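Protein chains: 2
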Amino acid sequence: MIPGPIECHEDVLEAMQTGATSHTDPSFINIFGECLEMLRVVLYSSGQPFVVSGSGTLSWDMVASNLVEPGEDVLVVSNGFFGDKFAECLAAYGASVTSIASMPLGSTVALSEIKKALQRRKFKLVALTHVDTSTGVMLDIQSAASLIRTISPETLIVVDGVCSVGCESIRMDDWGLDIVVTASQKAIGAPPGLSLLVASSRAIETFKTRKSQPQSYFAAWQRWIPIMQSYEARKPSYFATPAVQLVMALNVALKKLLNYGMEKSFARHQEVSNLVKDTIQSWGLELVSNSRASSANGLTAVYYPGGIQATDLLPKMAKRGVMIAGGLHPAIATKYFRIGHMGTSVIQPDRLHIETLLNALKDSLRECGFTF
Amino acid sequence: MIPGPIECHEDVLEAMQTGATSHTDPSFINIFGECLEMLRVVLYSSGQPFVVSGSGTLSWDMVASNLVEPGEDVLVVSNGFFGDKFAECLAAYGASVTSIASMPLGSTVALSEIKKALQRRKFKLVALTHVDTSTGVMLDIQSAASLIRTISPETLIVVDGVCSVGCESIRMDDWGLDIVVTASQKAIGAPPGLSLLVASSRAIETFKTRKSQPQSYFAAWQRWIPIMQSYEARKPSYFATPAVQLVMALNVALKKLLNYGMEKSFARHQEVSNLVKDTIQSWGLELVSNSRASSANGLTAVYYPGGIQATDLLPKMAKRGVMIAGGLHPAIATKYFRIGHMGTSVIQPDRLHIETLLNALKDSLRECGFTF
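These protein sequences, in sequence, are chains A and B.
Going by UniProt numbering, the first residue of the first sequence is number 1, and it counts up by one from there.
Going by UniProt numbering, the first residue of the second sequence is number 1, and it counts up by one from there.
Take these hints with a grain of salt, some might be off.
Because identical chains cannot be distinguished in the list, a pair is counted as satisfied if it fits within a single copy or across any two copies.
Below are the DSS-like pairs computed for lysine-lysine, each with C-alpha atoms no more than 27 Å apart in a straight line [unchecked claim]:
| no. | residue 1 | residue 2 |
| --- | --- | --- |
| 1 | Lys316 | Lys235 |
| 2 | Lys256 | Lys211 |
| 3 | Lys335 | Lys235 |
| 4 | Lys115 | Lys362 |
| 5 | Lys208 | Lys124 |
Hints are computed from structural coordinates only; laboratory data are not their basis.
These figures come from a predicted structure and were not determined experimentally.
Same shape as in the complex, but just chain A:
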């Protein structure tokens, strides 16, 4: 029950152990093509999907190397660790980065701050972390996108959806998002190892009309766009060997998600998130995110109650068969823990993952000396 990699359905794991299959086998080409088509549905997008071997982090390189030219101004709206790192990535490719961070920690950046930044300078691109996996905070990207579109309509809107795609409402076309990046191992429900990205036609056009060549090879879109188009047209093509079994697992995971239904998934994640947060707060524990309206539905970050430490609580949880995660944000890393509630643990109540988690947490806290 960590905020990714999450538990995978048995059918997803079954796909992982498929025997060697050529990356140009017609059956695999179809599986890959279906993944691309399904990603569009998951994100309510008419854009160009990419599925590439790598981690979610690689998708930042795709954004930074393909959409920004050296010296261009970008704005990063950071709600925690991952926003700060995305800013580092953009800077590594030569972007001139302006960052606005949420203050205090546990809040999101106010729309008024985004507005001020946009009024001061013209940005090629704004990067928004939808859910910061380090703090459990969620930005209202629909409102942020609407604001950006109004003040600076040419600015590309990039959303880091690593910890939100599949469990939080995202409507790329309707909200005018240009890029959503994510990874396979969170609410999508597959094992880690795939970097996923969907780009609007406007983003692809921006790439195609750039003046300089992208300063990367593996991440450069001129190599991947023809490959993705070939897979979708069910034609063989080759740039770099795809992670065949992971793509097969992704296919199964996406089919399960779409069969369940996106809207139903968003509602169910919110329901379970509220249950987890209500229960933990009813015990007197404090959440890192300081408002329910700006809390993620796929994870909960909780401060250890008085005197209890990671080395007390986490092993007691593990003894009860439940793994949760320690803190990640450097400012408070030792002071809080994180619980993931995404995917199969949430949408299949018969697994009793949530009940098991909450019971184990209650018993472990009691064993640590916490009184309810």
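Based on the hints, put chain B in the right spot on chain A.
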């Protein structure tokens, strides 16, 4: 029987379907640490190993972005498609690339040509493709490295071992190789999705003393070196979520390879390669590589005999349950086919993969109208 992804042992596939495991779980940290230690043994190296989510191609980006600064001179010794692409990758990161290509196609670059190039200019780095998967040609990297060390001792020696590590003799320390890059899905015997690299201490030192920052984020070593050192010290750390199941599969594959024995693996691959090549040549077919001494032992590239085409032969092979690959080198792509003979198909004769392959090939050729 394509030249990668190759058949995986059932135990490797079993590891692929392991349920969700945290990337900071002590059991996984140990598995990752063991992979790094085993890669050193596989390559007879005392260097720094890297295991990163991605494909073999990503390891080129690691070399180009970490070891070369913009404008620096590099020499690429290309024996086919993959050498040409490595040159493109180096150029994408700003290297000033000199390429020497083998002429005619099917041969390797002569050592005298490498010598001439080295005498004309000082190179920061020389990139050698050990085995070119498009032509089945193998360069004598031991002699090439010795020559480079003699003429230009400061030059870093980089070997693309994607289609050679595990099945061809490589001794990094003894031969003075600074980098060997490879991928999980060839003679290593795991599924695709991992980029593997081992760097000499001299290469790491070159990286640490570079003047400019690497123009990449996901591939940049300052982020990965501490992670690899932590895993090897059996300590948790985080930069980007590793492909947990693939790393588990890699661990099983590397243990199998080392249990079999590296020297035994090299000898067995050579024996099987000779059998395949002798048999095919005895039928009167012509190999793409024009000398046995410079032929790869992990694959065989063969020209279609008179009039026969890919669309004739490949489906007839598939009907017999054997998948082989078409041509890849653009100059002759439609004129030849490729057979992979690496890993479990080679070192486990009881699987009868080689006999099945040769029988299917003989029967399919006969069905195409070829007379023996």
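Homo-oligomer pair classification [lysine 124, lysine 208; C-alpha up to 27 Å]: Close inside one copy (15 Å), not across copies (33 Å); limit 27 Å.
Alpha-carbon proximity context of lysine 316 and lysine 235, limit 27 Å: The answer is between: 20 Å across copies meets 27 Å, while 52 Å in one copy does not.
Same-copy or cross-copy closeness of lysine 256 to lysine 211 [CA-CA at most 27 Å]: Classified as neither: same-chain Cα gap 42 Å, cross-chain 49 Å, threshold 27 Å.
Up to 27 Å CA-CA - lysine 235 versus lysine 335, copy category: between (52 Å within a copy, 20 Å between copies)
27 Å Cα threshold - placement of lysine 362 relative to lysine 115: neither (43 Å within a copy, 71 Å between copies)
When held up to the earlier numbered hints, the structure conflicts with 2, 4 and fits the remainder.
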